[in-house]
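Colleague: The numbering used here numbers the first residue of the sequence shown as 181 and each following residue consecutively.
These are calculated hints, taken from the structure and not from any lab test. Where hints are given, some of them may not hold.
[As the list claims (entries may be wrong)] With a Cα cut of at most 20 Å, we get these calculated SDA-like pairs of lysine to any residue: (1) 242 <-> 232; (2) 186 <-> 232; (3) 242 <-> 252; (4) 187 <-> 230; (5) 236 <-> 247; (6) 187 <-> 236; (7) 236 <-> 263; (8) 187 <-> 263; (9) 186 <-> 249; (10) 187 <-> 239; (11) 236 <-> 250; (12) 186 <-> 236; (13) 242 <-> 231; (14) 186 <-> 266; (15) 236 <-> 259.
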Amino acid sequence: MRPDEKKHLLCIMLLTALIVVAFRIEINPIGWKYFHWANWDCGLAFFIGLIVSAGKEVVWDKWLHRGTPQFYDAMWGTVGAIIGPGIVLFVEAIIVEVIPAIIKLF
Numbered sequence: 181m182r183p184d185e186k187k188h189l190l191c192i193m194l195l196t197a198l199i200v201v202a203f204r205i206e207i208n209p210i211g212w213k214y215f216h217w218a219n220w221d222c223g224l225a226f227f228i229g230l231i232v233s234a235g236k237e238v239v240w241d242k243w244l245h246r247g248t249p250q251f252y253d254a255m256w257g258t259v260g261a262i263i264g265p266g267i268v269l270f271v272e273a274i275i276v277e278v279i280p281a282i283i284k285l286f
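Please take these sequences and the hints and turn them into a complete structure.
Modeller: Structure representation (structure tokens):
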């Protein structure tokens, strides 16, 4: 993996993870919460990451001639769009499920 592809992977991974975290924050000043069932926020973050990844290659690199359009940059961006929400779900599962189960053992 080239350094440019690593940048695409890490940037899209960070973007999608931050989108999921932003949706997972419960805003509860008047008693309402976001619905977390079905993980719709992870799907939305994936599609936003996919659009940003492909859009950067098509619009910025190809149409505006600001870079070199490469298929693997978009591919690694797509991988980042999958991994970003996955990391958030994994960390959330550890915090919500595993740590309380370990605490109950003692």
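Colleague: So, against the hints stated earlier in the document, which numbers end up violated here?
Modeller: none
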